[in-house]
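Colleague: Sequence:
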Amino acid sequence: MNPENSRIPEFFTRENVQPIKTKMKMKNVIITSFILALVLSSCGDKNQAPTAPPPPVLPVLAITSANTITDSEYPASIQGTVDVEIRPQVSGNLDRIFVDEGAYVNKGQTLFKINERPFREQLNNALASLHAAEAALINANLEVDKLTPLVQNKVVSDYQLKTAKATQKIAAANIEQAKAMVGSAKINLGYTNVTAPVSGYIGRLPKKQGSLVSATDVEALTTLSDVHEVFAYFSLGETDFINFKEQYAGSSLGDKIKKLPPVTLILADNSAYPKTGKIDMVDGQFDKTTGAITIRATFPNANGILRSGNTGRIRLGLNHDDAILVPQAATVEMQDKVFVFTVGKDNKVTKMPITVVGKSGANYLIKDGVKSGDQIVLSGIDKLQDGQAIQPEKSTKVAEVTNKK
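Per the working numbering, residue 23 is the first one in the sequence shown, and the count goes up by one each step.
Hints should not be assumed to be uniformly reliable.
[Stated by the list, open to error] Here are the in silico distance ranges between beta carbons for each label pair: (1) 201 to 306: 33 to 39 Å; (2) 131 to 313: 42 to 48 Å; (3) 208 to 279: 30 to 36 Å; (4) 208 to 283: 37 to 43 Å; (5) 407 to 289: 50 to 56 Å; (6) 289 to 389: 53 to 59 Å; (7) 104 to 309: 22 to 28 Å; (8) 289 to 117: 36 to 42 Å; (9) 89 to 357: 28 to 34 Å; (10) 409 to 289: 21 to 27 Å; (11) 291 to 131: 32 to 38 Å; (12) 125 to 163: 55 to 61 Å; (13) 306 to 91: 15 to 21 Å.
Rather than coming from a laboratory, the hints here were simulated on the basis of the structure. Treat the numbers as computed from the prediction; the structure is a model and nothing was measured. Every residue, glycine too, gets a C-beta built ideally from N, C-alpha and C.
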């Protein structure tokens, strides 16, 4: 080995090498500590539980009792004050039709004309028979007048006079019979002119001009409805009828009817008929099949808006004292049941079924399930779970609306 090559460079002396080693060790320690911190941090994140979200803030209403009026609706069928079928009284060909479907007609106006010629001939025959009977009576009177003095003078027997008087009575009876036939023929002739028995609106016209019509036809010529006033018929069950009677003062049902408030008719498009009606009739007995009793309300219909055959709903208001009201928006329906979410002292909600007995505006009238003083959640209930905690936010505005009746 070359002594010159074996010489250690002057830079790598003991004094210079020692600080370099120390710096490298410190650098390795720092890197190792950083890696260890990252590992521990990642392990800590895996073991740490996620932070629970805060409970939702939801409006809450304290239920109170109040006097209110509930609106109950009952299906109703509408009829005119007079709904009559126009039928022919005699058989014959339909010569003329003087009206159109849906037309308004006045009482006594001619609607149809049936061929009258056969009936006019019947009248002529009846008149001829009457004239013959009148002539026979004259002849019988002459016979009696002739025999009376002869019997008095005992020229002829009394038997001939009695026979003549019997013939006279027969002739008089024949005249009465002939007059009746004339009257019947005139009636039948008059039936060929079919007139309106009341004022009203014409229905469908199934028979056309030239059709053969008869009094025994299954189908009528048309229908005629007098709808200047209409009757709305609806039914109450036994329980509803008992509550209905208890609402109003009066010693009898007739007295109670006189004190009933006006009722509203809800049309098929859910709009309210502009005129209110008056209940004026309660059926005399319950229907054994349905267990309901029929009630009639009368509505004015001067403009003819309503027609026979219309349907609708009668809205009947009933008074309730100290009623428990719950906004419909605070309820949820599931499987034909209605629920609300009540709020406990620990701010946890409970899904509570309620019994609804009526409606008052936008509120339900409650019989069971909640009571005065209970707190319920007003909105945001679609995502609530039974037992979930919430942060209540009292809503006085909704409470005022609920109890304002």
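Colleague: Taking 22 to 28 Å as the hint, is the beta-carbon distance of residue 104 and residue 309 inside that range?
Modeller: Given a distance of about 24 Å, which is inside 22 to 28 Å, the answer is holds.
Colleague: Holds or violated: 55 to 61 Å for the Cβ distance of residue 125 and residue 163?
Modeller: 56 Å, holds
Colleague: So does residue 131 sit 42 to 48 Å from residue 313, Cβ to Cβ?
Modeller: 44 Å, holds
Colleague: Tell me if the beta carbons of residue 407 and residue 289 are separated by a distance inside 50 to 56 Å.
Modeller: 42 Å, violated
Colleague: Just tell me: holds or violated, for the beta carbon distance of residue 291 and residue 131 against 32 to 38 Å?
Modeller: Roughly 33 Å apart at Cβ, these two residues keep to the hinted range, so it holds.
Colleague: Do the Cβ positions of residue 208 and residue 283 conform to the proposed distance bound of 37 to 43 Å?
Modeller: Given range 37 to 43 Å: violated, Cβ gap about 53 Å.
Colleague: Could you see if the CB distance from residue 289 to residue 389 stays within 53 to 59 Å?
Modeller: Since residue 289 and residue 389 have Cβ atoms about 30 Å apart, the given range 53 to 59 Å is violated.
Colleague: Per the hint of 15 to 21 Å, is the separation of the Cβ atoms of residue 306 and residue 91 within bounds?
Modeller: At 29 Å between Cβs, range violated.
Colleague: Check the following: the C-beta atoms of residue 409 and residue 289 are separated by a distance inside 21 to 27 Å.
Modeller: 46 Å, violated
Colleague: For the hint 36 to 42 Å, verify it against the beta carbon of residue 289 and that of residue 117.
Modeller: At roughly 41 Å between Cβ atoms, residue 117 and residue 289 fall inside 36 to 42 Å, so the hint holds.
Colleague: Between the beta carbons of residue 208 and residue 279, is the distance compatible with 30 to 36 Å?
Modeller: Violated: the Cβ-Cβ distance is about 46 Å, outside 30 to 36 Å.
Colleague: Please test the hint of 33 to 39 Å on the beta carbon pair from residue 201 and residue 306.
Modeller: Violated, since residue 201 and residue 306 (Cβ atoms, about 45 Å apart) do not stay within the stated range.
In this structure, the earlier hints numbered 1, 3, 4, 5, 6, 10 and 13 are contradicted, and the remaining ones agree with it.
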